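Engineer: Chain residues, written in single-letter form:
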Amino acid sequence: MIETLDERDPSATDDGAVAPRLEVRALSKTFAGVTVLKDAHLEVRAGEVHALVGQNGSGKSTLIKLISGVYRADPGGDVLVDGRRIGTPVDPGALHGEGLAFVHQDLGLIPDLSVRENVRVGQHSTRRYTGWIDKKKDAAAVRDALEFLHLGHISPQAKVASLRPSERVGVAIARALQNRNMGSGIVVFDESSRAIPHEALDDFYAMVRLLTSQGTAVIIVSHNLTEVLDIADRVTVLRNGRVVEMGRPTAGLDEAALTKLVLGRYGELDDFAESMPAERRAGGLELRGIRGGRLRGFTATVQRGEVVGFTGSIDSGLSSLAPLIAGAARGSGAVVVDGTELSLERPSIARSLGTGIAYIPQDRHGQGLATELTVEENVTLPHLRRRGRPWWTGRSWQKAETEAVLKKFSVTPADRRAVVATFSGGNQQKVLMGKWLLGGPAALILDDPTQAVDVGARSAVLSATRQAAVDGAAVVLCSSEVDDLAAVCDRVVVLEEGKILTELHRPFTADDIFSAIFHESEESH
Amino acid sequence: MSSVSPTTTTVTVRPPRPAAQRIALSLLSRYALVILWIIMLLVLLALVPGDVSPVNAMRTVFSQITPVVFLALGVVITMSVGEFDLSFAGIFSISAVAVPSLAVLHGWPVPLAVLGALALALLAGAVNAALIVGLGINSVVVTLGVWSVAGGLAFLLSGETTVSGLDPALAAISTGRFVGLPHLFWYGVILVSIVAYVMGATPVGRHMAFVGSNRAVAALAGIAVGRVRVGAYLASALLAGLAGVVIALGNGGFNPASASAFLLPTFAAVFLGTVAVVPGRFNPIGMLIAAYFLITGVFGLQLLGLTGWVTEVFYGAALILAVTVSHLLQRRVKS
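Residue numbers (full-length UniProt numbering), protein chains in the order written: chain D, 1 to 525; chain Z, 1 to 335.
No wet-lab data here; the hints were simulated from the structure.
Owing to the predicted nature of the structure, the values given are computational and were not obtained by experimental measurement.
Beta carbons: idealized from backbone N, C-alpha and C, even for Gly.
Hints should not be assumed to be uniformly reliable.
[Stated by the list, open to error] Covered stretches of chain D, as calculated for chain Z (at least 3 residues, CB under 8 Å): (1) 367 to 376; (2) 391 to 402.
[To be verified] What follows is a set of in silico ranges between Cβ atoms, one per label pair, in the way DEER data are often shown: (3) D/P75 x Z/I35: 40 to 50 Å; (4) Z/G200 x D/K408: 21 to 31 Å; (5) Z/S148 x D/A206: 38 to 48 Å; (6) D/K136 x Z/A257: 27 to 37 Å; (7) D/V121 x Z/G305: 52 to 62 Å; (8) Z/V310 x D/G93: 42 to 52 Å; (9) Z/N138 x D/T226: 37 to 47 Å; (10) Z/I173 x D/D106: 43 to 53 Å.
[Said to hold, decoys possible] From chain D, some residues computed to sit far from chain Z (all C-beta separations above 10 Å): (11) E98; (12) A256; (13) H519.
Let the sequences and hints guide you as you build the complete structure.
Structural biologist: Next comes the structure, spelled out in structure tokens:
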């Protein structure tokens, strides 16, 4: 499939204009009567970085899966590369030949195999008679691909596990680019930057720019709007299964404007901290010399009746904090709940629960709820031992409490016997909140609780967070959503490099918190 | 990224069905297997030459001297906590051989031989638990190995023959009748009831369901996940051991070569059981119904003069069918 550019490029259409590198017309997808993507259009030019953004459930991953042929589009749409129609339906097996390459979220590398094997999988050169893999030829092809990315120092024989993160990204890109002419084709990075550690991101962006400088088109699917603004030339925004903005140049956008496009609202939430005043009470949470993950030892207190936000940039250590406080991760230092000291060197979730800590983890499906089981079973699980008896769980309290949770959070459908998997993300999050608030916890630890929930559920979750403080819990909200923090927190602690950078007291706005995280001085506003 | 069901638009509002219709539907989906069972029985009786009354036929079905219910109960327990156990056939074999071997060949008093058999079973269960839960070794590999080791040692214990010669009076423990059915049947019913109660109505049972469904969620709720898993392996081994004891006593001896024949009917009963009573979950009562459903099928085929190969085809087909139906049920729940 080695073609020269000349053969490939007669993409000029009849009217003389150059056809876009990738064009998508009128793609729709319906699952079981529910339209998840409607009439999507997309136009990606050669040599540009084009970002695809939208909340979870907005349809952006559906769009990518339609282009890559993972899903079959509803009849009627077109996908064109350089003016040539390749679908619908798109044949996933033919994509590489058509110039489309996909780098998936986890990079799709097998660490135990060599660079050569990872790059050449599915594209192996074989010996003529035996059909054996021609390792020499493969190695040479891999070397060429790596050379091109200025990664010639990586040996094709090295195991992927032995490479630095930025080199692994290079290997994934080399796989996407092999057998290509310089500057041709399209590379799609589907949430790839999530798998890349912070320190390797610059190298990743440099590689993306290298590709586009030669004329290859790059599509980046990303949640990270700052990243999008940094690297993309144009952005396409999806919301509720529709393309609401196609190919908007990022030059005229700032993060706030892009956020508005993604959310379809102004990002303003009720000021729950103001409308739901909570009274400080004795007791609460004391964090003593917390270390673990990227946290390098700090001390803080959270009184009962108070919501304290913890925030920071991606590498601040914020992500390690909530599991440590909850006893779900090992570290050092101690957490004191109402005078009872819990050592972090030998954490025990059971002991943490015993002191009244309730922990709402970030990973709702992985750690929050057993989605195959019913709402009632999930909601009552942490309270069985206290409320039930060893020989009888008790039916009436389960029914009453679950129905109270469903009502309080207006979960729909309000069916306690329904399996959690059948609920929407927002309603699942409400169920998860209810599960832990049911016991009237001494301390509530939330880790990014509004991730992937819709606007209505977000309000419900934040109001419940505030309500927990009103009811007398010490509430810790670990989040990078400054709007959330501004809406419910009495204080916000900003972390940097594992330590406390500063602490904000009310009144503050989301912008104040944002500036504190990113050190923007007052004057620059 | 996995696209979890799109968050906003999926709630299709269906007009609520009348309560009576809803209850009827729910009963139908829970007890379809029972209905199928009755239909199968009637069809068989119509086909079989001669005059067999349904009552007699049922009595014959329930009078089978088989360890399947005991073994399958153990598998229900391990499966429901998300573990996989193939070793029960080997454990069953070594316990069943141990009773007559220790009593007849080595002259132990029978009660002591029974205790010895159960101790062997628990030892095998402990090996499973130590390797799988303690060291994190793949459960298929470990239990496959333990199956083979225990099954092989059973041959060693028996001197590679059928050991018999237990006091025939002891057979009454298993084959003596109560309300016209052998004690063995009632033991199965009692054990199934106990396990069904524990799994359905106690905190331990709920904890088992969560450990089986999502270990991280269970751990974060303060459940001792490791202890639940170890307990499941020990309970399963103990049930396999008990099965061995009652079968050995009932038959007066045991031939270890016969043990592996129970592997498939056991799995078929466990998986077929997931489509009944509590659809989509491993559950003891569903398993009990499924076990006798399968026995009825085989019995019917025998009445029709089909033996040998048919049994294996029937069990294999039932296993695949059960897993397929259960998978489809789950998919309907999840989508």
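Engineer: Hint by hint, note whether the structure agrees.
Structural biologist: So, going through the hints one by one against the coordinates:
no.	hint	result
1	367 to 376	holds (count 7)
2	391 to 402	holds (count 3)
3	D/P75 x Z/I35: 40 to 50 Å	holds, 41 Å
4	Z/G200 x D/K408: 21 to 31 Å	holds, 28 Å
5	Z/S148 x D/A206: 38 to 48 Å	violated, 56 Å
6	D/K136 x Z/A257: 27 to 37 Å	violated, 55 Å
7	D/V121 x Z/G305: 52 to 62 Å	holds, 55 Å
8	Z/V310 x D/G93: 42 to 52 Å	holds, 43 Å
9	Z/N138 x D/T226: 37 to 47 Å	holds, 43 Å
10	Z/I173 x D/D106: 43 to 53 Å	violated, 58 Å
11	E98	holds, 23 Å
12	A256	holds, 23 Å
13	H519	holds, 31 Å
Checked against the numbered hints given earlier, the structure breaks hints 5, 6 and 10 and satisfies all the rest.
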